[in-house]
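S.K.: Given next are the chains, with one letter for each unit.
Number of protein chains: 2
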Amino acid sequence: MSKALPNELGRVMVTSGAGDYPVIVGPGTTSGLPSLLLSLAAPHRVAMITDSHVGPLYADALAATCRAESLDVEVFQFEAGEASKTRKTWATLTDQMLEAGMGRDTVVVSVGGGVSTDLAGFVAATFLRGVPVVQVPTSYLAMIDASVGGKTGVDVRAGKNLVGAFHPPLAVVIDTTLLETLPVAERAQGLVEALKHGAIRDESYFDALIGDLGALLAAEPIRAAEVVLSSVRIKAEIVGQDERESGVRQILNFGHTIGHAMEAASSYVLGHGAAVAMGMKGEAAVGEALGVTQAGTRRRLDDALAPLLNVAGEDPRWIASTLDVDSVMSFLCKDKKARAGRPRFVLLEQIGTVAAGKRWTHAIPSDLVQDSVLGATQ
Amino acid sequence: MSKALPNELGRVMVTSGAGDYPVIVGPGTTSGLPSLLLSLAAPHRVAMITDSHVGPLYADALAATCRAESLDVEVFQFEAGEASKTRKTWATLTDQMLEAGMGRDTVVVSVGGGVSTDLAGFVAATFLRGVPVVQVPTSYLAMIDASVGGKTGVDVRAGKNLVGAFHPPLAVVIDTTLLETLPVAERAQGLVEALKHGAIRDESYFDALIGDLGALLAAEPIRAAEVVLSSVRIKAEIVGQDERESGVRQILNFGHTIGHAMEAASSYVLGHGAAVAMGMKGEAAVGEALGVTQAGTRRRLDDALAPLLNVAGEDPRWIASTLDVDSVMSFLCKDKKARAGRPRFVLLEQIGTVAAGKRWTHAIPSDLVQDSVLGATQ
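So the sequences go chain by chain: A and B.
At position 232 of the first sequence the residue is numbered 232 (my numbering), and the sequence of numbers has no breaks.
At position 135 of the second sequence the residue is numbered 135 (my numbering), and the sequence of numbers has no breaks.
Any given hint could be a false lead.
Copies of one chain are not kept apart here, so a pair can be met inside one copy or by any two copies together.
[Claimed, not checked] Subject to a maximum C-alpha distance of 35 Å in a straight line, what follows is the list of computed DSBU-like cross-link-like pairs (lysine-lysine):
(1) 3 with 358
(2) 160 with 88
(3) 334 with 358
(4) 358 with 336
(5) 336 with 3
These are calculated hints, taken from the structure and not from any lab test.
It should be emphasised that the depicted structure is a prediction, and the values quoted were computed from it without experimental measurement.
With the hints as extra help, turn the sequences into a complete structure.
M.R.: In structure tokens:
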């Protein structure tokens, strides 16, 4: 594991109860995928899982590269889109691997965005009671957030990600040249999570991101790799302390309590990044009203997020006019952190620091909950 | 965890990467289930999963006992039988729990035989990425084997237990008075696994079982509890060394390579215990032919197993006449331990000792594989 991949800019080791794993970042690192697979796992078979969009763009070529190094690779493709992140697709992929005669000496390689990360990860977690997975994320969202931390799962009628497993990867290979084909609106959605990392842990990173938004939205591979590395370092430091989210890992949910409720209330028309952006603003507004969050924080978040929402094509006023506040409120009270129907938020002290609260969350007085939702959309 | 349950005869601590857990054995221990749940987990909600046979017999009453101690328990019942051990039942149980508003502070309690153990365990392993499970096995098979070791899963078209997870329980509560309602044929099927434990690890236990078969088939609660404790000790010692079955845990598969192939070839008409009994005989015959297993071992196994097969209503000659040897051979070559289509068996040195081999298994020359299958049915 000590050998650097070609074009490697840096790597982060993530601590995990199931075994530490490297996140390897650089523009062009996927050229080293075959040798990495051989050194890590020497798998008998490789099941490369991808979607109908990323398959023709990247996965088929990556499979060919692996085969050229004598790896026995089969590609399993599912229909692109969040609608595929279901138990049905999971079962189909599993059955296809079984029909192909794959056994315990199989390694799953996921090539794609957050849907692929979560879905292929869950296939690997449950295939013959668990085989290793290597994550090759192709979107900012998956590079910055989804591929690190070991969360896998699928959506069910009752909500997103409610069925799944913690299944840390064997390795994550992040190649920022793959961002080239990512639509700019999706780049903007993904970069919201980077700003969140700055907001909860590192003010100077937050400010640097604002200065560099142009290069990042252009997916300039070196600058993108540097930012991904910074975000992965922050996330790794947090999940390394609390893999199962019983304590400090909660702070990664900043913006997500309101964000998830808004996504659900919009029937997932609202993009994840935009929802989290609005959630951060709403949760900062409540924090300021409670005197927990430094005055002016909400405005700083708004200034940083407005260009991303704009590029993402998500207009807060339009969102406000279409979202049903009662519906958002009802989803808020069902949030996983809620206790006895009362939502709990992660609150900032200021940009760069989270207020500790009780296990990193704060009960929100009911009269402020509605204000927070309205505040998010202003 | 130090406080003994009422009627506790003994307990075994099982070592697990996810946290050690106690297996608590005695006639009447389930009366202590409510206090155990409160001391272990202080759960907000309890999801008691059982089948349509065991529910009315035991789970409904256990749920009432728990409610009397202020636990918030809901019972989820699936149709009894191996045919229910599917992804479909798993999804239905999960959705029912979500509809009941259960969250991360839920504990699953499985009350039933091996199907319930595996199915409820897999529900717990994947519900909101994993909640704790307490196993309350009600059959010999589940008490002696299925509830210890953390294996959970469901069957799919391609085979049994091919989808699942390692999810060690929080605790296992074994109450041997529950065996009273278990049909004697199923008692016999389950006791085969106890003889297997003796065969691989402890000759004097093997011999003691033979002497006590009458009391055990009568499900005499104290004697049953002593035997369950002995078997759990043997299994715990093995899985504690190798939870993920990469080494010594393989030896628990003695009899299971041929056994699983026979079960599959019979379309699961053949009972699990009977199949393992025949598998042990076949694998001993091959071991003797290879000079690995002491001569006479197969005959000793045959003598010990014949009464159990008889009580189980499984006649080896009838099985031999109905099983298609080619079909058994084909399933053998697809066994999870097979390498390049060549089956590998766990072989005894003699009763009480396994021959180490290469990672505890031995490649079997192809001409002997057919003999082994024929040998199993003689």
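S.K.: None of the hints should be skipped; say for each whether it holds.
M.R.: Against the structure, the hints:
1. 3 with 358: Classified as between; 31 Å across copies, 42 Å inside a copy.
2. 160 with 88: both (14 Å within a copy, 19 Å between copies)
3. 334 with 358: Cα proximity of residue 334 and residue 358: one copy only (19 Å, versus 53 Å across).
4. 358 with 336: Within one copy, since 15 Å is at most 35 Å while 48 Å is not.
5. 336 with 3: between (41 Å within a copy, 33 Å between copies)
Comparing the model with each earlier hint shows no violations; every hint is respected.
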